[in-house]
Amino acid sequence: MSTPFYVSPEQLMRDRADFARKGISRGRALVSLQFADGIVFASENPSAALHKVSEIYDRIAFAAVGRYNEFENLRIAGVRLADMRGYAYDRRDVTGRGLANAYAQTLGTIFSSGGEKPYEVELFVGEIGDSAADDQLYRLTYDGQVVDEHGFAAIGGAAEAVGGYLKERYTEGASLEDAIKLAVAALGHTDTDDREIAAKDLEVAVLDRNRTQPRKFRRIRPATLVEILGAVSGTAELEDAKPAAAEKSAAEETATEDSAEKSGEKSADEAPLAPPADDDDGEPPIAPPVD
Amino acid sequence: MSESRIPAAFMTPGTSSFADFLTAQSPDLLPGSVQGGSANLGDIAPHGTTIVAATFPGGVIIAGDRRATQGNLIAERDMRKVYPADEYSAVGIAGSAGLAIELVKLFQTELEHYEKIEGTTLSIEGKASRLSALIRSNLPMAMQGLVVVPLFVGFDPDTGSGRIYGYDPTGGRYEQTSYSGVGSGSLFAKGSLKKLYREDLDEATLVAVLIQALYDAADDDSATGGPDLSRKLFPIVHVITADGGRTLPDAEVGAVAEAVITGRLQRPDGPIAELEGGQ
Numbered sequence: 045m046s047t048p049f050y051v052s053p054e055q056l057m058r059d060r061a062d063f064a065r066k067g068i069s070r071g072r073a074l075v076s077l078q079f080a081d082g083i084v085f086a087s088e089n090p091s092a093a094l095h096k097v098s099e100i101y102d103r104i105a106f107a108a109v110g111r112y113n114e115f116e117n118l119r120i121a122g123v124r125l126a127d128m129r130g131y132a133y134d135r136r137d138v139t140g141r142g143l144a145n146a147y148a149q150t151l152g153t154i155f156s157s158g159g160e161k162p163y164e165v166e167l168f169v170g171e172i173g174d175s176a177a178d179d180q181l182y183r184l185t186y187d188g189q190v191v192d193e194h195g196f197a198a199i200g201g202a203a204e205a206v207g208g209y210l211k212e213r214y215t216e217g218a219s220l221e222d223a224i225k226l227a228v229a230a231l232g233h234t235d236t237d238d239r240e241i242a243a244k245d246l247e248v249a250v251l252d253r254n255r256t257q258p259r260k261f262r263r264i265r266p267a268t269l270v271e272i273l274g275a276v277s278g279t280a281e282l283e284d285a286k287p288a289a290a291e292k293s294a295a296e297e298t299a300t301e302d303s304a305e306k307s308g309e310k311s312a313d314e315a316p317l318a319p320p321a322d323d324d325d326g327e328p329p330i331a332p333p334v335d
Numbered sequence: 008m009s010e011s012r013i014p015a016a017f018m019t020p021g022t023s024s025f026a027d028f029l030t031a032q033s034p035d036l037l038p039g040s041v042q043g044g045s046a047n048l049g050d051i052a053p054h055g056t057t058i059v060a061a062t063f064p065g066g067v068i069i070a071g072d073r074r075a076t077q078g079n080l081i082a083e084r085d086m087r088k089v090y091p092a093d094e095y096s097a098v099g100i101a102g103s104a105g106l107a108i109e110l111v112k113l114f115q116t117e118l119e120h121y122e123k124i125e126g127t128t129l130s131i132e133g134k135a136s137r138l139s140a141l142i143r144s145n146l147p148m149a150m151q152g153l154v155v156v157p158l159f160v161g162f163d164p165d166t167g168s169g170r171i172y173g174y175d176p177t178g179g180r181y182e183q184t185s186y187s188g189v190g191s192g193s194l195f196a197k198g199s200l201k202k203l204y205r206e207d208l209d210e211a212t213l214v215a216v217l218i219q220a221l222y223d224a225a226d227d228d229s230a231t232g233g234p235d236l237s238r239k240l241f242p243i244v245h246v247i248t249a250d251g252g253r254t255l256p257d258a259e260v261g262a263v264a265e266a267v268i269t270g271r272l273q274r275p276d277g278p279i280a281e282l283e284g285g286q
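Protein chains in written order, with this note's numbering: chain G, 45 to 335; chain A, 8 to 286.
I should point out that these hints are in silico values taken from the structure, not numbers from a laboratory.
Hints are not guaranteed to be accurate.
Lysine to aspartate or glutamate pairs mimicking DMTMM-like chemistry, simulated, CA-CA at most 20 Å apart [stated by the list, open to error]: (1) A:239 to A:250; (2) A:112 to G:237; (3) A:202 to A:122; (4) G:211 to G:237; (5) A:112 to G:137; (6) A:112 to G:134; (7) A:197 to A:207; (8) A:202 to A:259; (9) A:112 to A:235.
Residues of chain A clear of chain G, computed beta-carbon distances all greater than 10 Å [as the list claims (entries may be wrong)]: (10) 29; (11) 36; (12) 126; (13) 136; (14) 238.
Some chain G residues near chain A, calculated using beta-carbon distances under 10 Å [as the list claims (entries may be wrong)]: (15) 49; (16) 50; (17) 93; (18) 99; (19) 100; (20) 116; (21) 117; (22) 118; (23) 120; (24) 122; (25) 123; (26) 124; (27) 150; (28) 152; (29) 266.
For glycine and all other residues, C-beta sits at the position ideal for the given N, C-alpha and C.
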């Protein structure tokens, strides 16, 4: 017979939170930015098939970091919820707020129940309205907290460094190109140096209110990314038989270099996450997509 | 989405079919889930009638009249019977109107759901098969007279051409070449198409040919509505090519319909097909 022992609720919750944070911080950051025509999501993701950013419904997108099988479960649940509701009622009755609440309840219940391992995920639910003022961006943490973000936000490992970088440079009403450039520069930023991320290692998608179709979600293809990013992805594209793209890019290269020293001071107090624990090769183990 | 925790079924890995999920979770939401006894229900709801479709190089066009009838009455003059299913496919419906519209809505959700879950679209055959399954599930209703018979068209990126699939009430699926029709007036429409259709027609000419066919159907079938000039109600015409699908604006279809009617004022039976030997 095992000996009964007492663990204070505070300790229990702290342990569970530490566990979840640790898992999340192993992955890379994902950023979400509002721009003039909608919301852009960007992350470093070498896999072309396993997505971190996805369409949920007409104007609603989902983006997540952490354990793939767990956020994939949440994504599928979201698609099912949205489609079920849109089918039973009307397409207009599917809202980002409703979805964010459902996720929050689910994550919160899992986190505080003793029986289940907490989810090691953090996610965005974004919804665009008819104008930038109507756009909504919710950030959800592993314990079911919902934060209504404005303008920009970052999740995942290195979220503070990336978020700090964005905070310095974010402007409202930017063009899509500028928003993507900023997002990618932010993803490559760490406290010690700035990296260039190759276009093929990026996953970028937008909710674009200028799309004529009712479904506003759109992935930005690598070729388009190369065009937009120019300098940032230029060197990596050299090996991809696209010398022309690399050449024109050299001029812009200095734009992102002055950032390293600025972010250090602001990261400590607002950190929702522990700093990355391991070396940065580490996505959590990736499962194949469920059937 | 006001429930608290998302129910387990939503988070269980499994099907990427929305219809299957609905069958398991909320069968009450399926079209035709209400069993109506053994009476023949054929006359309790409006019926949609004639849909025609034909391919042209690089695409396919589907067109439907606007009339729905209930017994000997005209129930609707402006019913829509042609719906885009997704960007590259569309479905026209004949038969029991209410059920058919529900079925189309389920089919649209099904395709979109699959696309979102899987991150890729179904093949054209895959789409046609899913529609088969949905029709088959309506078989009990069909036995009571509430038959739904769609015509499915789509652009096939693998072949770069338009495809047409016809169905029977049991879900049997038959690929059609060149042109097809469904509904009570389709007999006449197909006869008309047989004489006017050529494989190399361009898009604009094919639209005119399909409207001629619908006119012929309306001419001989009381359940099919012709172009209604006084109310400005014209057939719904949906064109699908490699660039995606678009429903032609009323003004565009109206102009063609008026030209067809003007022609019929001179020659009530319509354009004459050439006889063998070119006379």
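A quick look at each hint next to the structure:
{"no.": "1", "hint": "A:239 to A:250", "verdict": "violated, 29 Å"}
{"no.": "2", "hint": "A:112 to G:237", "verdict": "violated, 52 Å"}
{"no.": "3", "hint": "A:202 to A:122", "verdict": "violated, 39 Å"}
{"no.": "4", "hint": "G:211 to G:237", "verdict": "holds, 17 Å"}
{"no.": "5", "hint": "A:112 to G:137", "verdict": "holds, 16 Å"}
{"no.": "6", "hint": "A:112 to G:134", "verdict": "holds, 11 Å"}
{"no.": "7", "hint": "A:197 to A:207", "verdict": "holds, 18 Å"}
{"no.": "8", "hint": "A:202 to A:259", "verdict": "violated, 24 Å"}
{"no.": "9", "hint": "A:112 to A:235", "verdict": "violated, 27 Å"}
{"no.": "10", "hint": "29", "verdict": "violated, 7 Å"}
{"no.": "11", "hint": "36", "verdict": "violated, 6 Å"}
{"no.": "12", "hint": "126", "verdict": "violated, 6 Å"}
{"no.": "13", "hint": "136", "verdict": "holds, 17 Å"}
{"no.": "14", "hint": "238", "verdict": "holds, 27 Å"}
{"no.": "15", "hint": "49", "verdict": "violated, 29 Å"}
{"no.": "16", "hint": "50", "verdict": "violated, 28 Å"}
{"no.": "17", "hint": "93", "verdict": "holds, 7 Å"}
{"no.": "18", "hint": "99", "verdict": "holds, 5 Å"}
{"no.": "19", "hint": "100", "verdict": "holds, 7 Å"}
{"no.": "20", "hint": "116", "verdict": "holds, 8 Å"}
{"no.": "21", "hint": "117", "verdict": "holds, 5 Å"}
{"no.": "22", "hint": "118", "verdict": "holds, 7 Å"}
{"no.": "23", "hint": "120", "verdict": "holds, 6 Å"}
{"no.": "24", "hint": "122", "verdict": "holds, 8 Å"}
{"no.": "25", "hint": "123", "verdict": "holds, 5 Å"}
{"no.": "26", "hint": "124", "verdict": "holds, 5 Å"}
{"no.": "27", "hint": "150", "verdict": "holds, 5 Å"}
{"no.": "28", "hint": "152", "verdict": "holds, 8 Å"}
{"no.": "29", "hint": "266", "verdict": "violated, 16 Å"}
When held up to the earlier numbered hints, the structure conflicts with 1, 2, 3, 8, 9, 10, 11, 12, 15, 16, 29 and fits the remainder.
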